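Novice: Working from the sequences, and respecting the hints, build out all of it.
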Amino acid sequence: MSKAILDIAALHKSYGATPVLKGIDMAVNENELVFIIGPSGSGKSTLLRCCNRLEEPESGSILVDGTDILRPGVDLNRLRQKIGMVFQSFNLYPHMTALGNVTLALRKVQGMEKEAAEEKGRAALARVGLAEKVNAYPNELSGGQQQRVGIARSLALEPRIVLFDEPTSALDPELVGGVLKVMRELKESGMTMVVVSHEMAFARAAADRVIFMDKGVIADQGAPEDMFGNPKHERLREFLSRIQH
Amino acid sequence: MNPAMSGWDRFVFSFFNLDIARQYLPAIAKGFVTTVYLALAVIVAGVLLGLTLALLRSFRVKVANFFIIMFADIMRALPPLVLIILLFFALPYAGASLSAFAATWVALSLVLAAFAEEIFWAGIVAVPRGQWEAARSTGLSRAQTLAFVVLPQAVRMTIPPLTNRVISITKGTALGSVVALSEILNQASSSASQAGNATPMTVGALAYLLLFIPVVIFGRWVETRFVWKK
Amino acid sequence: MDAILQNFFNMEIASKAGVFLLKGLGMTLLLSAIVIPLGLLGGLAVAVLGSLKKKWLSVLLIVYVDFFRAFPPLVLLIFIYFGTPFLGLDIPKLLAVAIGFFLNTSSYYGEVFRAGIESIPKGQFEAARSTGLSGSQTLRFVILPQAVRNVLPDLISNTLEVIKLTSLASVVALPELLNNARQAQALTYNPTPIVLAALMYLVLLWPLVRLLSRLEHKSISMH
Ligand SMILES: Nc1ncnc2c1ncn2[C@@H]1O[C@H](COP(=O)(O)OP(=O)(O)OP(=O)(O)O)[C@@H](O)[C@H]1O
Ligand SMILES: [Mg+2]
Chain D
-12 MSKAILDIAA LHKSYGATPV LKGIDMAVNE NELVFIIGPS GSGKSTLLRC CNRLEEPESG
48 SILVDGTDIL RPGVDLNRLR QKIGMVFQSF NLYPHMTALG NVTLALRKVQ GMEKEAAEEK
108 GRAALARVGL AEKVNAYPNE LSGGQQQRVG IARSLALEPR IVLFDEPTSA LDPELVGGVL
168 KVMRELKESG MTMVVVSHEM AFARAAADRV IFMDKGVIAD QGAPEDMFGN PKHERLREFL
228 SRIQH
Chain S
-13 MNPAMSGWDR FVFSFFNLDI ARQYLPAIAK GFVTTVYLAL AVIVAGVLLG LTLALLRSFR
47 VKVANFFIIM FADIMRALPP LVLIILLFFA LPYAGASLSA FAATWVALSL VLAAFAEEIF
107 WAGIVAVPRG QWEAARSTGL SRAQTLAFVV LPQAVRMTIP PLTNRVISIT KGTALGSVVA
167 LSEILNQASS SASQAGNATP MTVGALAYLL LFIPVVIFGR WVETRFVWKK
Chain Y
81 MDAILQNFFN MEIASKAGVF LLKGLGMTLL LSAIVIPLGL LGGLAVAVLG SLKKKWLSVL
141 LIVYVDFFRA FPPLVLLIFI YFGTPFLGLD IPKLLAVAIG FFLNTSSYYG EVFRAGIESI
201 PKGQFEAARS TGLSGSQTLR FVILPQAVRN VLPDLISNTL EVIKLTSLAS VVALPELLNN
261 ARQAQALTYN PTPIVLAALM YLVLLWPLVR LLSRLEHKSI SMH
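Protein chains in written order, with the working numbering: chain D, -12 to 232; chain S, -13 to 216; chain Y, 81 to 303.
Check the hints yourself; a few may be wrong.
As the list claims (entries may be wrong) - Derived DSBU-like pairs: lysine-lysine, alpha-carbon spacing no greater than 35 Å straight-line:
hint : chain 1 : residue 1 : chain 2 : residue 2
1    : S       : K48       : D       : K69
2    : Y       : K173      : S       : K16
3    : D       : K9        : S       : K48
4    : Y       : K96       : Y       : K173
5    : D       : K9        : D       : K120
What the hints contain is simulated information worked out from the structure, not anything from laboratory work.
None of the values given here were measured: they were computed from a predicted structure.
Specialist: Next comes the structure, spelled out in C-alpha cells:
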C-alpha cells in the first residue's frame, strides 16, 4: 500500500524577487486524495503547476511514480501524461469536439491509431457521464459538462495522479454537484488525486488528508475531521472562519 | 476627334469606342493574365513567408524576434511603390538586376509577408494561455501545441483581416506598370496613348472590376462567416 | 563596401538633393493633409448614411464602397488624370490626385466607421433615445465616441495607408517625395536620392507603425 506516487521535497519557487514556494515537503500516496486549502496567493496553484512543470521551480525535487521530473534531459512530454491536470477555466480546445479534445494527445503523443484513440476517448467520456456528448463542441456544453470533458481529457491518458486546480470555482452553483460526483467516483475507483478547492463538504466526505498552505509553506495538515472540526493553527482558524462567513 | 461633336457623343467616342475596344482587347487580355499570375505568386509567397515568420516568432528567441519585428516594421512603413523602384532602379547599381515582374513580385511579397506576419502573430497571441497549458499538460510538445491547438484557432481569427490585406496588396500589382511590367494598367495606358483615345483605359478599368469585385464581395462574405464564436 | 557607399549613400549627392527632397516631403505632407481629413469626413458620411437603414441608400453605398475598393488606386488616378482631358476638362494635377485618392480613401474609412458603429450594442441607441436624445444627438454623443474608440487601430492603420498612397502621385509627376527622388536619381545617375526618400518615409511612418502594433496587441490582450 502506502507507496508515494508524488513525492515533493524542499521545493522552492519565486517570481522574480518574490518567493512564492518556500520549501514544500509533501508526499501523496497511492489512492490518496489530498485536499489543499489556503488563502489567495498562498501558492496553491503554483505548487500544482510545478508538479508538471508548467512552472519551473528553482530548487528541490519532485518524484512522480519514482521518476525525478526535474532531472535535466527527462522526457517531459511522456511524463506529463502520467500527471493529469484539470484547470479552473477548463481550457478546452474550442475548435474540437469533446472527443477531439480527449483524443488529441492520445494520437499525437502516444501515436495511437484514430479508431483505438476514439474508443478510449469514448470510454473516458462515458466515465464522466458524457457518452452522448462526444460530438459536441465546447460552446454547446454547459460549464459543468465542459469541466467533465476536461477531466476526461486527462483520464484518457491513464495518469498515475490527477491534479485539480479549483475545478468548480468557475461554475454556477447548480453545476458544481455533477463535477464533484465525477471526482468522488474517480477517488472510489482508486485514482490518486490532489485537489485545490473551497468545497469543504467535498473535503470532509472524500479527502484522506487536508493540507493548509499559507504564504508559500505548508502551515498545517491532518485528517479532515481534525482540520475542520478542531483547527489548532491560528491562521487556519482565521481562514476557515472567513470562508464560512 | 471631330470638334463638331456634342459633349455626350464626344464622351462616348472617347471612353466607349467599340472599334477601339475590340482592337486593343487582346493586348489588355494579355495584361490580365500577367496580373492574375503576379497576384497569385504574391499571395502564395507573401502568406507563406508571413506565416513562417510568425511561427518563428512564437519560439521567442530574442535575436530572431528583433529581426522579424524590424523587417515587419520597415515593410509596413515603406510605400510599396518605393520598394518596387528601389528593387528595379537601385539594385542594378549593386550589380544585381531584377526583371520588372520579379521586382514587383518580390516587393509586394515582402510587404504582404510583413502584414501577414503581424496578423498571424496577433492571432497566436490572442489564443489564451490556458490553451497552451492544457495542451502541454497532456504531453503535447511546443510544436505540436502550435500546430494542433493554437494555429487552428489563430488562423480562424486571422482570416478576415488577412483576406482584406491580401486584396489590398494584390491590387498593388498595378504598380508594376511604373517599371513597365505589361500588366493590365500598363497595357491599357500604352494602348490608350497609341490610340489617342481613352477607351482602352475603360476596358482596363472593367478588367480590374471583373477581377476584384468578386474578390471584394468574397472578402465581405469572409468577414461575416468567420466571426469567432465564443 | 566603398562602391556601395558611393552608390547608395553618396553624401555629396545626398546633400545636393536634400533640399529638393525636403520640398517633395512638404508636398507629400500637404497631400496627406488634404486627403486624410476629406477621406475621414467622406467615410464618416458613408457610414452614418449607411446606419440609417434605408434599403436603397444602403445598397447604393455598398456599391460605392465596393466599387472604389475594387479599383487599384493607381488605376483610378491614371483614369482621372489622363481621362479628363478627353472630356475637354483641364483640371490641376493636385486636384486630380486628390479626387482619385478621396474616392479610394473614403471607401476604406467608410468600412472602418461602419464596423465601429455596428460594434455598438443596440441597447446604447435605446438607452440614449429613451432619455430624449434625438437620433443625431445619439449618434454624435453616444454612438460615435464609442465606435471611434473601438476601431481606433483600424483608423490609424488606414491613415498610414493613405500617407503611403500619396507616393502614387509620382506617377503623374506631382512633385511629392518619391517623384522628386526619382528626378534627382535621373539627373545624378545615382540611386542615393531614392534611398534617402525611403529613409524619409521610414522616419515619418515608423512611429505610426509602432503605435499601431502597440494598440493592436493591447486590444487583443483586453478581450
Ligand atoms: N506568472 C506570475 N508572475 C508573477 N507572480 C505570480 C505569477 N503567478 C502567480 N504569481 C504570484 O505568486 C503568488 C502565488 O500565486 P498562486 O496563483 O500560486 O496562488 P493561489 O494560492 O493559487 O491563489 P488563489 O487562491 O487566488 O488561486 C501570488 O502572490 C501571485 O501574485
Ligand atoms: Mg490558484
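Novice: It remains to establish, for every hint, whether it holds in the given structure.
Specialist: Status of the hints after comparison with the structure:
The straight-line distance between the Cα atoms of K48 of chain S and K69 of chain D is roughly 33 Å, inside the 35 Å bound, and the hint therefore holds. Simply put, K173 of chain Y and K16 of chain S have alpha-carbon atoms about 30 Å apart, close enough for the 35 Å limit, and the pair holds. For a cut-off of 35 Å, the pair hint linking K9 of chain D to K48 of chain S stands: about 31 Å separates their Cα positions. In summary, the hint linking K96 of chain Y to K173 of chain Y is supported, as the alpha carbons are separated by about 27 Å, within the 35 Å threshold.
At most 35 Å may separate the alpha-carbon atoms for a hinted pair to count; K9 of chain D and K120 of chain D exceed this at roughly 43 Å.
Of the numbered hints given earlier, the model fails hint 5 alone.
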